[in-house]
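Student: Sequence:
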Amino acid sequence: ADHPRLGGTSGTDSIRRALVCGYFANAARQETGGRYRATHRGAELRLSPNSVLYKAPPEWIIYHETVFTENEHILSATKVSLDWLTELAPHFFELRTAG
1 ADHPRLGGTS GTDSIRRALV CGYFANAARQ ETGGRYRATH RGAELRLSPN SVLYKAPPEW
61 IIYHETVFTE NEHILSATKV SLDWLTELAP HFFELRTAG
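By the count of full-length UniProt numbering, the sequence shown reaches residue 99 at its end, each step adding exactly one.
No wet-lab data here; the hints were simulated from the structure.
Hints are not guaranteed to be accurate.
Said to hold, decoys possible - Ranges between beta-carbon positions, derived for each pair:
1. 21 <-> 59: 16 to 24 Å
2. 15 <-> 90: 32 to 40 Å
3. 91 <-> 56: 30 to 38 Å
We put the beta carbon where it would ideally sit given N, CA and C, even for glycine.
Generate coordinates for the entire structure from the input sequences, incorporating the hints supplied.
Tutor: This is the structure:
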């Protein structure tokens, strides 16, 4: 059965949207130089060089955990969209317009 918040999507999008429902606080946005900025705590993060996302980093991700080496590296990340974050966790994310 379709879950109303998942929008009846199929395949990997449904799985990733479900992950957003639980991991929205672990969202991060790509910045220049391949770095990410955690939306909740503002930490600078980097994708692990072992990540399948490393060579083509998406704009938005959610992650399961991080590990500290020389930098804080993201483990177990997946691509998400800003639309999903604002739709599925509106209590946590809101879009603001300039002006």
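Student: Please check whether residue 21 and residue 59 have a Cβ separation lying inside 16 to 24 Å.
Tutor: This hint holds: roughly 20 Å between Cβ atoms.
Student: Does the Cβ-Cβ separation between residue 15 and residue 90 fall within 32 to 40 Å?
Tutor: Violated, at about 21 Å.
Student: May I ask you to test the hint 30 to 38 Å on the CB atoms belonging to residue 91 and residue 56?
Tutor: holds, 31 Å
In the structure shown, a violation is registered for the earlier hint numbered 2 alone.
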